[in-house]
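Asker: Protein sequence lines, in the order shown, are assigned to chains F and E.
The numbers in the numbering used here rise by one with no breaks, and the one at position 216 of the first sequence is 216.
The numbers in the numbering used here rise by one with no breaks, and the one at position 44 of the second sequence is 44.
Accuracy of the hints is not assured; some may be wrong.
[Unchecked claim] Short, incomplete list of chain F residues facing chain E, as computed with Cβ under 8 Å:
1) Arg33
2) Arg37
3) Ala43
[To be verified] Label pairs and their calculated CB-CB ranges:
4) Gly295/E / Lys193/F: 56 to 66 Å
5) Ala35/F / Leu31/E: 50 to 60 Å
6) Pro91/E / Thr76/F: 36 to 46 Å
7) Asp23/E / His79/F: 31 to 41 Å
Note that these hints are calculated values from the structure, not bench results.
C-beta: ideal position from N, C-alpha, C; glycine also.
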Amino acid sequence: MQKVVIIGATSAIAEATARLYAARGAQLFLVARNAARLDDISADLRVRGSQDVFHASLDVNDLHEHARVINQIWTTLGHVDVALLAHGTLPDQVQCETSVDVAMKEFATNGTSTIALLTAMASRFEAQRKGVIAIISSVAGDRGRQSNYLYGSAKAAVSAFASGLRQRLSKVGVNVLTIKPGFVDTPMTRDFKKGALWAKPDGIAHGIVRAADRGRSVVYLPWFWLPIMLIIQHIPEFVFKRIKL
Amino acid sequence: MSKVGQSWGRYPQANQTVVALADRHATLPTLPDLMLPHGNGRSYGDSCLNDGGMLLHARPMDRFIAFDAQMGVLECEAGVLFSDILDLVVPQGWFLPVTPGTKFVTVGGAIANDVHGKNHHKAGTFGRYVVEFELLRSDGSRRLCSPEQHPEWFAATIGGLGLTGLITRAKIQLRRVAGPWMSGEVYRFADLPGFFRLSQESDRDYEYTVAWIDCVSQGKALGRGIFTRANHAPSHPDGRPNAPSRRLRVPLTPPVSLINPLSLRAFNALYYHRQRESVSHITMHYEPHFYPLDGIGDWNRIYGPSGFMQYQCVVPPSESLGCMESLVRTIAASGQGSFLAVLKQFGDVPSPGMLSFPRPGTTLALDFPNRGGSTLALLNRLDDIVAAAGGAVYPAKDARMSATYFKQYFPAWESFSHYIDPKFSSSFWRRVTE
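Next up, chain E with everything else stripped away, as it sits in the complex (with noise of 0.2 Å):
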């Protein structure tokens, strides 16, 4: 269990006060510090850090307030998990209408973030699915937020990193599926070019699309990968569904991280190689397909004592195909990069939050174990590739971007700022815009 007060990528530490609150009608409190509502610690960088001030631990407000099975509706407090929802809705036919790769996040997180999944092409952000929220402020004003009713305080705090105030609770827009089970095909394909083509190819049919590319391989193997494509299976799936593996999880943090060149290029050539044809059929248990690796519990500790970065960035359809070869060939060429690369077309649905990162395009996503000042210097140079083809970098994922490229990259940042309740503050938010 990671403790409270740190964010998943372990890097950078912080030093705050923590303050649960459990009971959404109390006032949040009145002390001189600097507030930061934290869900589950489930942003990798410093987005849901407050160095010197406080957190507001809102894990504890973890109830449910009403849930209509029939219409799909459900409301609860900011601190329910996604994972607590899916126990509840999938039984009775709902499921998530949007969900990143972690099930382990909280709505408030969800909304503050306004988290993407496999789905965004079809579907667009979370923020989308979110009826209204309430948002109490460090003045003690509660507002009901939605499309309708505060709308520029719904768009602001969707994304908002929750610098607007405290989401107390939320309503969402859940979706039908039929059972728990998915079904689609898993394709191999030997390069960039054929990550677009699959992708061209499969996302009008297909809800859920992404890839995995090799980001060690260099040359002729340059940007090959397994590319994943699902559907929500009728109730009663063809084929033999693979049941739910056991929960393992990482019982201690290694000395050094056990992530290296060594074992990269290894399990590169191992995963790419693992599908021998390509292409195969796969039916599965929803868990194993949205989140491989929760799964592992507190797989964050591979990394070691120093932790690890992710950067994830998004670039627009005219510069994709070019922009993502000087990316994984810059990545590749540093030996720096990490098994989990992750690659997926973004669609045109707009994001409703003024911060929102979603936007058409390609999205790629990556860790890297923390060595310093070589780790910075790489995510540098893909920052300068990404800036110069007009993309974005994540803010829940970022731990270093410049102020300059973060302004580049959000321009509504200043218009966002008159939003920001005068208590609030994080660490990430003081390093972009200080």
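Pulled out of the complex, with its shape left as it was, chain F reads as follows (with noise of 0.2 Å):
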């Protein structure tokens, strides 16, 4: 039986990917902001066949807390098969360039306080000897660009930050997994007219579990952004200032 955690858990494509563990029989510890969403979560994904659910409630900003949410997830469940690591926000690209208090929180949440909960965990995991460490971070992350750099450059610093865990913890058999998905149907993107290359959070998941199950390091998902991606970063800069992306 696997044990899977979830920061993040009210996330669309976190809960897709926790029912795809649930219905595998997986014991699951979830962690999100808000603790009342968490309690429907958790009861249909007892329904769909998960042994356990436990949850906590923690805001990832505050970063005092996290050591206390981590011992409590190691303490419930002995050990850990899988952390995801889902939660984000998708800033105001405007608002980040007017304010700096709102890139700074912005940037806290979808890039500090992964890098604070990562730190955390891998000296535990370290410890164990085993796992896999999923992160989601995004196709935004490969290169800067003007409709949403605040983000990108958040996603960009968890990218790097999760290569080099990798290199360090592959050494003791631990799997560190950056998922970079890119435009996806959820609560997140509401405001955005859909188009071709829209995906839902339903196929995210599975393309995440799969990934985990079979030790990948970077996977794109939809796989048809790894060559989009490519383009986008080869693009010489003479040419890429002189564009809108």
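Mind assembling these two chains? They're in different frames, but the hints should get you there.
Answerer: What follows is the structure, encoded as structure tokens:
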């Protein structure tokens, strides 16, 4: 039986992923800010086959609370097979350009908090010498673009941190998986016009579980974002400056 | 994937604001627009549309709440699909008590249309297996409705077309099965009296009966068809069951309907003669048995950009044979019918909803590619036949019946209207009452 921890468990991608682990009979520990919604989600996951669903509420920006919750997770579960870090927001780029407070807060939510959680969790995983740490980064972290470079830079920090952590922990048998979803149709992206490139949370969730099972290092979800981002990353700056992305 | 805010027939088109609901504890939006709950958009006509208003997209409310695997009682949010329920409960020895011909309907939609299936003659409608549900009104009030508690709200909301308020969650009673397999027989019949004979013979011992009829052939072949009867099989059925087939999908909407007189005639003849013997035994998985079209994603696209209209009526037993003959004759002569013509005998189990469609008699359902005026004129002629026989037409499939006929088919509409939420309305309701 797998033991799975999900941070940001009320997000659409996280909930869809939790359902797949629940159907396997996994033991789940859910962490999110909104405890009331965790009750509904926990009940659903129990019906879907989860052995036990535990949950704790945490504001990821309250860094001093991290240790307490991580301690609670390992005390409850004994060890962790999969930890999925799925929390995040989609900042309003224009607000981030006019307010330093908003910019720093969004960077903290999407970047700093993840790095803090990973730092604390890494030593636990290092001690148990097995398991998967899966982190939802974003294609937006591959290159800063004018439409959302605050979010992109936070995700770039997460991707770079995960890369280094992967190199370190691979020596003790722990896999660090970086997940880079493209556009996903979730409440976070409610106000966007959806086109052919948009994916459903359920499809992303299947990709996450498959990548975690297979011990992958970096995955683009859906796969077609790999060639797209390869092109975007290689556009020369003199061209990149002239276009809007 | 059909986009939110369309109906399955893709006719008519409506302009509406879509508001997604994910939290069943939240209150309803407080905007001035009139609202209508919308599940998975599998109603065919305009009963799931609200032109000029707001749609409450309830699919995101898709959590299970509790499942008692001993008693077979499932509690879930209203946006849960029948397909999700089957995936969960069939491996545990349970099945939906009643299911329509697609598993991609929500629990809320199934209640709001009091849906029926191939077992109507034994089991009645879906509403009979609803233990209770919560009804959220625009004034913020919540009522737990059951046959005992708020029975008048229970009766108004079952088959109430989403107009009495938002169903947030429901508890339903499932039925036991030994496994996913079905077994039964398939018969070929030469004419409508042949259908009635087979139905009468089979309805006692078979839980599921249904027929497909050829709506193109005239003269001696008028009303010929294929009759299927089946029961849930023991866990290890005799014979080699067919494995569920791979899921296909119609990738785009062709510029014109692929359903035309030529393709229709070919399909109907092939389908009828596919069955060589007059009877054959079948053992199959429940999916192709109950949901043959669910294997083809977005099949509604084959009718092209103008969409299609489905027509489903019921006529009382005393008028059944004569009335069905004149309906089929009218359709065959028009050359407009399609290959999805379904015939079934309803039983006399009472439907629990004030506006429930199923009632004792014979029901006929089929699709018509939308060719505008000529299609509407044909359906009006069918309505005249059904109304003269004292029958009714199914609102969940309708996009065009007249207000006069609606009020005749559903005499309870006026007493029902007192239960409508003052902030709720639908394109259908405005069309048939204003």
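Asker: Take the hints in turn and mark each one as holding or not.
Answerer: Evaluated hints:
no.: 1; hint: Arg33; in the structure: 14 Å, violated
no.: 2; hint: Arg37; in the structure: 7 Å, holds
no.: 3; hint: Ala43; in the structure: 5 Å, holds
no.: 4; hint: Gly295/E / Lys193/F: 56 to 66 Å; in the structure: 31 Å, violated
no.: 5; hint: Ala35/F / Leu31/E: 50 to 60 Å; in the structure: 29 Å, violated
no.: 6; hint: Pro91/E / Thr76/F: 36 to 46 Å; in the structure: 29 Å, violated
no.: 7; hint: Asp23/E / His79/F: 31 to 41 Å; in the structure: 33 Å, holds
Hint violations for this structure: numbers 1, 4, 5, 6, all remaining hints satisfied.
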